[in-house]
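*Asks:* So the chains spell out like this:
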Amino acid sequence: MTSTTYITLAIVAMFVATYITRSLPFFVLAGQERNPRIHYFGKYLPPAVMLLLVVYCLRNLDFTSNPFAIPEALGVIVTTTFHFWKRNALLSILLGTLTYIILIRLNWLAVF
Amino acid sequence: MSEILKKTSEDRAIFLKAFKDSIPILFGYFPIGMAYGLLFNELKYHWGYATLTSIFVFAGAAQYISIGLLAAGAGVMEIFVTTFFVNFRHVFYGFSFLERYRNVSMIKKQYLILALTDETYSVLTTNRQEEDKKIDEKYYTSVTIINHIYWVLGCTLGALIGTGLEIDTEGFDFVLVALFVVLTIEQYKSVKEIFPFVIASVASILGLVIYNDQMLIIALFLVFTTLTITFKKLKK
Numbered sequence: 001m002t003s004t005t006y007i008t009l010a011i012v013a014m015f016v017a018t019y020i021t022r023s024l025p026f027f028v029l030a031g032q033e034r035n036p037r038i039h040y041f042g043k044y045l046p047p048a049v050m051l052l053l054v055v056y057c058l059r060n061l062d063f064t065s066n067p068f069a070i071p072e073a074l075g076v077i078v079t080t081t082f083h084f085w086k087r088n089a090l091l092s093i094l095l096g097t098l099t100y101i102i103l104i105r106l107n108w109l110a111v112f
Numbered sequence: 113m114s115e116i117l118k119k120t121s122e123d124r125a126i127f128l129k130a131f132k133d134s135i136p137i138l139f140g141y142f143p144i145g146m147a148y149g150l151l152f153n154e155l156k157y158h159w160g161y162a163t164l165t166s167i168f169v170f171a172g173a174a175q176y177i178s179i180g181l182l183a184a185g186a187g188v189m190e191i192f193v194t195t196f197f198v199n200f201r202h203v204f205y206g207f208s209f210l211e212r213y214r215n216v217s218m219i220k221k222q223y224l225i226l227a228l229t230d231e232t233y234s235v236l237t238t239n240r241q242e243e244d245k246k247i248d249e250k251y252y253t254s255v256t257i258i259n260h261i262y263w264v265l266g267c268t269l270g271a272l273i274g275t276g277l278e279i280d281t282e283g284f285d286f287v288l289v290a291l292f293v294v295l296t297i298e299q300y301k302s303v304k305e306i307f308p309f310v311i312a313s314v315a316s317i318l319g320l321v322i323y324n325d326q327m328l329i330i331a332l333f334l335v336f337t338t339l340t341i342t343f344k345k346l347k348k
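Residue numbers (my numbering), protein chains in the order written: chain A, 1 to 112; chain B, 113 to 348.
Simulated from the structure, these hints should not be mistaken for laboratory data.
From the three backbone atoms N, C-alpha and C, an ideal C-beta is built for every residue, glycine too.
It cannot be assumed that every hint is accurate.
Okay, the calculated bits of chain A under chain B, using three or more residues with CB under 8 Å as the criterion [unchecked claim]:
(1) 10 to 18
(2) 57 to 68
The calculated lysine-lysine pairs, modelled on DSS-like cross-linking and capped at a C-alpha distance of 30 Å, are [to be verified]:
(3) 43/A x 304/B
(4) 344/B x 86/A
(5) 246/B x 86/A
(6) 86/A x 245/B
(7) 86/A x 132/B
(8) 304/B x 347/B
(9) 119/B x 43/A
(10) 221/B x 246/B
(11) 43/A x 220/B
(12) 345/B x 43/A
(13) 43/A x 245/B
(14) 347/B x 43/A
(15) 129/B x 301/B
(16) 43/A x 156/B
(17) 250/B x 220/B
(18) 221/B x 43/A
Pair ranges (Cβ atoms, derived) [to be verified]:
(19) 77/A x 303/B: 19 to 29 Å
(20) 66/A x 219/B: 29 to 39 Å
(21) 87/A x 244/B: 24 to 34 Å
(22) 87/A x 125/B: 21 to 31 Å
With the sequences and hints as input, model every part of the structure.
*Replies:* The following block contains the structure:
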């Protein structure tokens, strides 16, 4: 398929997938809002999935060769610490990303 | 005449409140949208596709992940499934709005549902709901549209700028990791228990060990199964 077809189909696929997830409670699951099982999953599934997504993004980390995933690790640590401290999403994301960008551009070993 | 004037000044007040409440979202969506646009540019597609994506998908996390998938030439089915799982938490957002959106006209309702993102959800559930249903409807419609515009502008601008300049975006994709970390912490603040995170940690490790590349689907399955079991145990 041409690249135009590919990107168009990809956008359609993402649109449909997103639409299904967001409309499920309004159509298929309507009337289930007081269902205790839905409540239980609604309470514990989102936090679990969020952590899974973090791991998913980092699944290809290489700890055995330079830079030993230090930029990623420090980036996550900076983001986490700052967010627990100031609770400002934008700043936490900015600082964590900046940490990562700086570390991968320097040969961080040269810092020592 | 004065009735009409009163109505439009009331509408303006509602819109201004919606605008004010959405300002924090502006500061989030604009830079993150721009970073997405800049990264999207690496794919060498026309910047218009970034705009289209931000209009029809309107999901930051899924959009970021899609860049990696598109770059690797992943199958459309895989893109569909991954987007579904990344956005799965949105299934539960709608429950908070079943009553609130009940009497909205069909077309408007479809749009509101489609545009129910993490941020729109947080603005609408944090701020106190208006008593008057009509006023509330104007309010949340305004908030939703405003947030959507911010996002589309951010993504488009990022993609446009990227075409012009040769920006070295090495490392920018870490924005996604940082975003997920922040969202995870926010989830923790809301659920206040480590239980779901313990389950997720174990499921992640098992997923990585079993089949690193598909760890998301494996881990999701494990989490789902575990929660089903623990729920049954709770009911006893």
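*Asks:* Could you run down the list of hints and mark each one as holding or not?
*Replies:* Okay, the hints, checked on the actual structure:
no., hint, result
1, 10 to 18, "holds (count 8)"
2, 57 to 68, "holds (count 4)"
3, 43/A x 304/B, "holds, 10 Å"
4, 344/B x 86/A, "violated, 38 Å"
5, 246/B x 86/A, "violated, 37 Å"
6, 86/A x 245/B, "violated, 35 Å"
7, 86/A x 132/B, "holds, 22 Å"
8, 304/B x 347/B, "holds, 21 Å"
9, 119/B x 43/A, "violated, 41 Å"
10, 221/B x 246/B, "holds, 14 Å"
11, 43/A x 220/B, "holds, 28 Å"
12, 345/B x 43/A, "holds, 16 Å"
13, 43/A x 245/B, "holds, 28 Å"
14, 347/B x 43/A, "holds, 16 Å"
15, 129/B x 301/B, "holds, 27 Å"
16, 43/A x 156/B, "violated, 40 Å"
17, 250/B x 220/B, "holds, 11 Å"
18, 221/B x 43/A, "holds, 25 Å"
19, 77/A x 303/B: 19 to 29 Å, "holds, 22 Å"
20, 66/A x 219/B: 29 to 39 Å, "violated, 55 Å"
21, 87/A x 244/B: 24 to 34 Å, "holds, 32 Å"
22, 87/A x 125/B: 21 to 31 Å, "holds, 30 Å"
Checked against the numbered hints above, the structure breaks hints 4, 5, 6, 9, 16, 20 and satisfies the rest.
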